[in-house]
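Could you put together the complete structure from these sequences and hints?
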Amino acid sequence: MTVMSAPMTFAVPSLCSPHAVSSGTPTDHAGAAACCLLEIDRVSLRFGGIKALNDVSFDIRSGEIRAIIGPNGAGKTSMLNCINGFYRPSSGHIVFEGVRRTHTRPSIAARGGIARTFQNVALFKGMTVLDNIMTGRALKIRSGILKQLIRFGPALSEEIEHRRKVEEIIEFLEIQAIRKTPVGKLPYGLQKRVELGRALAMEPRLLLLDEPMAGMNLEEKEDMSRFIVEVNRTYRTTITLIEHDIGVVMNLSDRIVVLDHGCKIADGTPAEIKSNQQVIEAYLGVGG
Amino acid sequence: MLGIDPTKIAFFAEVLVSGLLSGVLYALVALGFVLIFKASGVFNFAQGAMVLVAGLALVRAFGWLEASMPFWLALPLAIIFAGAVMTGIAWAVERFVLRKLVNQTALTLFMATIGISFVLEGLGQQIFGAQVYKLDLGLPRDNLFALESLFDGGILLNKLDLWSAVLAAVLVAALVIFFQKTRMGRALRAVADDHSAAQSVGIPLTRVWFVVWTVAGLVAIAAASIWGSKVGVQFSLVFVSLKALPVIILGGLTSIPGAIVGGLLIGAGEKLAEVYLGPSVGGGIEQWFAYVVALVVLLVRPQGLFGDRIIERI
Amino acid sequence: MFYREAGHFKDNYRADMATFPIREDRIGIITLLLIALVAIPLVHLAGIPPFAGDYFFNAILIPFLILAMAAIGLNLLAGYCGQISLGAGAFMGVGAYAAYNIAIRIPEMPLVLTFLLAGAVSALAGLAFGFPSLRIKGLYLAVATLAAQFFLDWAFLRMAWITNYSPSGSVSAPPLVFAGWHADTPVERYLVVLVFTIVVAWGASNLVRGNLGRQWMAIRDMDIAAEIIGIRPIQSKLTAFAISSFVLGLAGALWAFANLRSWEPYAFSIDRSFQLLFIVIIGGLGSIIGCFLGAAFILLLPLIVDAVPRWLSIPVPAGAGSNITLVVFGALILLTLIFEPHGLARIWGIAKHKLRRWPFPY
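So the sequence lines, in the order shown, correspond to chains A, B and C.
Sequential numbering of the first sequence, starting at 1, is according to this note's numbering.
Sequential numbering of the second sequence, starting at 1, is according to this note's numbering.
Sequential numbering of the third sequence, starting at 1, is according to this note's numbering.
What you were told as hints is all true, and nothing was included just to trick you.
With a Cα cut of at most 20 Å, we get these calculated EDC-like pairs of lysine to aspartate or glutamate: (1) C:K10 <-> A:E168; (2) A:K125 <-> C:E340; (3) A:K180 <-> C:D16; (4) C:K354 <-> C:E340; (5) A:K274 <-> A:D254; (6) A:K185 <-> A:E220; (7) C:K352 <-> C:E24; (8) A:K165 <-> C:D16; (9) C:K10 <-> A:E161; (10) C:K352 <-> C:D16; (11) A:K185 <-> C:E340; (12) A:K125 <-> C:D223; (13) B:K230 <-> B:E286; (14) C:K10 <-> A:E171; (15) B:K159 <-> B:D136; (16) A:K147 <-> A:E158; (17) A:K180 <-> C:D25; (18) B:K100 <-> C:E340; (19) A:K274 <-> A:D245; (20) C:K10 <-> A:E158; (21) B:K159 <-> B:D142; (22) A:K180 <-> C:D11; (23) A:K221 <-> A:E171; (24) A:K165 <-> C:D11; (25) B:K230 <-> B:E14; (26) A:K140 <-> A:E203; (27) A:K180 <-> A:E167; (28) C:K10 <-> A:E167.
Pairwise CB distance ranges, derived in the manner of DEER restraints: (29) C:D25 <-> A:K140: 26 to 32 Å; (30) B:A84 <-> A:G215: 45 to 51 Å; (31) C:W202 <-> A:K140: 21 to 27 Å; (32) C:L116 <-> A:N120: 41 to 47 Å.
Computed list of chain C residues with no C-beta within reach of chain A, every gap over 10 Å: (33) L127; (34) W311; (35) I347.
For the record, the hints were derived by calculation from the structure and aren't laboratory data.
Ideal placement from N, C-alpha and C gives every residue a C-beta, glycine not left out.
What follows is the structure, encoded as structure tokens:
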């Protein structure tokens with residue numbers, strides 16, 4: 001395999017602040033490039049006159065937990081939307097598993113193994129927890145319409161097979177008691193858990209989590225953090241998450257990207273980010 | 001016009017003009033739709049039933065009043081009566097339906113308007129009667145010939161149609177001014193843009209809904225009186241009014257100019273199609289022409305001619 | 001007391017995923033099927049009212065079954081996939097005229113095959129009119145399906161070959177014959193319709209519990225999220241259109257051949273579409289059992305509207321009946337949407353839930 005990513009903030013002239021620092025050392029990148037799962041290459045996104053993303057580049061390595069942080073309106077969710085094809089970048093490329101694309105469609109991204117959850121829970125409110133998670137298996141079910149119509153023999157066995165997988169996830173997320181409850185009736189914290197379950201049912205290679213802990217209390221956050229770490233450890237799923245709780249982010253993630261006003265202002269390990277002057281300024285609003 | 005028979009052109013012009021005149025009426029009803037859609041996000045299927053009820057209320061009140069007082073007094077009183085009926089309907093709809101269905105999906109609200117439509121049709125016909133009623137608002141009905149200098153014999157127009165068009169045009173202009181210039185109009189547009197934002201700056205949603213349904217009711221009176229003069233007040237007005245649906249698909253759901261242009265295009269298009277294409281396929285294509293045009297528009301340009309592009313957010 | 005889950009533990013997923021997971025429900029449905037298939041015909045032969053004469057079969061049972069089947073067709077599209085349709089009646093018409101044309105042009109074709117082909121023709125028509133709606137969302141579809149309704153209404157009336165050049169536009173269906181068996185009497189026609197309805201209801205309930213059904217519901221509840229988990233909205237919606245129209249077409253063929261037997265284009269007008277929509281809304285969007293409850297309700301309601309003033313000896317002016325029916329239908333729609341958006345099916349479910357706990361309130 002060839003080395004795909006050079007340390008990008010040095011290689012690419014950016015319109016953002018010239019002081020943007022990539023804290024990852026060059027050797028770090030060279031070593032990681034071989035197992036780089038996703039690479040964001042100079043992606044910009046414009047809505048009319050507004051630049052939501054400005055020449056952002058970073059990579060996501062296989063098996064890591066990668067956090068994207070930044071103040072409100074920094075372009076974090078837009079970044080995820082570009083990755084899974086919900087938005088089409090105005091310029092730049094996204095390389096997923098060696099395939100270079102300018103844009104994609106959400107359903108194609110899903111087929112490629114990218115799953116995600118949303119800031120505002122995007123569950124199917126009229127369906128039960130079980131059915132919601134079962135929809136995550138939609139791509140894996142092979143029975144045709146006629147077989148499903150008769151629902152006997154192979155179609156039923158297949159359905160049961162997937163049910164078993166889904167039950168594993170239900171058990172993992174500790175939501176057995178509510179499996180037949182319509183999700184619309186569940187409290188917010190549980191809905192977030194179900195949404196994670198639906199994403200997991202897709203057996204993704206890259207899991208995008210958009211504020212998985214927003215609006216949760218401390219215990220719920222602890223539970224969610226535990227699930228995220230376990231998913232990462234047991235299934236070796238690569239995770240990219242957006243989160244505002246800096247404490248959680250510092251604990252969970254291997255590497256952090258910091259966005260501000262659509263620009264990348266820092267990239268590195270939690271320790272490096274913590275001591276980065278620009279990040280501190282962006283968060284405290286000093287300097288500008 | 002070289003080499004083409006001038007009488008054919010005159011005939012074409014006649015068809016076109018009569019199509020445009022009925023198009024003005026479509027535009028009028030379509031405005032009622034757009035108004036309600038913009039302000040409350042409701043796709044109002046009951047607009048047709050509202051036209052029917054407005055027409056029935058007007059024609060029965062007018063007939064009853066005219067027997068005991070002069071025409072110039074009876075007509076305004078009848079219009080006021082119909083206005084009161086439509087206001088009452090708007091109040092009831094807001095109070096008993098919309099308010100109960102706040103935050104429901106657009107689909108639920110749409111189905112609710114189908115329910116409203118049936119209630120209005122049933123009640124309207126039960127109270128005001130279910131026959132065909134002739135409506136004579138004193139508008140001239142004789143024919144006239146226009147552009148005689150251009151064509152041999154000129155083109156044949158009906159004065160009633162012309163008056164209707166003028167009346168409709170005035171109403172359309174008044175509505176546009178109402179929307180753009182008045183305080184209430186601005187509030188309506190604000191609500192259309194963002195319900196919760198409008199609420200948070202102190203625009204009472206329920207009142208806005210009441211106002212748009214009332215205005216749509218008044219528009220229905222105008223449409224009903226013009227149509228009623230032409231073909232009589234009868235149940236088929238419901239289906240004529242339904243044509244406003246394809247009109248707004250063509251014009252764009254949220255656009256007032258769209259409703260006007262769409263109405264004219266559909267009106268002219270279906271008349272021309274009926275006259276020139278109809279005979280070769282057995283006639284009666286006016287019945288579906290507008291809808292099939294809408295279908296094609298949905299296929300090529302889903303947001304319509306003037307509609308806002310639909311941007312999805314998540 | 002008699003109806004509860006306590007004690008029935010399911011130790012495998014197969015049992016949990018059965019059509020009727022609760023034993024009492026299974027007993028109930030088998031009893032119901034036995035009554036419908038065996039007891040009612042026997043009671044008719046024995047001459048016990050109200051099953052003695054033909055009236056009950058012609059006026060209630062046969063229309064009830066076919067309308068329930070058609071409502072299932074509409075419910076797959078509207079209730080499960082969330083795509084509202086105001087043209088269901090027209091697709092029934094497509095099925096009816098397709099069956100008629102196949103039957104008179106290819107008389108040697110077995111009737112079952114004719115009906116299935118009629119459903120297929122209707123499915124194609126559904127695809128044709130559903131296609132433009134793929135680029136747009138729910139409500140616009142109302143207009144697209146209105147286009148189908150008005151265009152097809154016109155076609156049934158004006159395209160002479162559809163009615164085999166019948167001068168009045170009315171046509172008569174060939175007799176119902178299955179492999180030499182003539183289904184002429186009302187009871188026989190009832191049995192034919194019953195078998196078709198059972199098969200359709202069973203197949204539909206399988207579909208909606210399977211992968212396809214879940215995809216439809218996902219699109220109904222949140223189409224963007226559905227796309228993000230890899231469901232192709234266009235494909236799923238088109239399948240919903242096709243299957244829904246297939247069922248509607250089959251129901252239309254039966255409506256024509258087993259119920260009306262000779263009919264005019266008006267039989268499949270927009271009134272029929274609204275009737276089906278009402279069945280689905282009042283019975284319960286997204287429920288198969290609701291289609292049966294709704295169909296029974298909508299057939300009985302006019303009879304009740306007619307009968308109640310007579311019992312109370314309130315004089316009703318001529319013609320008021322149909323107006324009152326309109327108002328009652330409209331008001332019921334509103335009440336359903338406001339108070340019980342899942343319709344009679346949910347009320348039925350709540351009743352069962354209460355029964356399960358009886359005599360204890362919790």
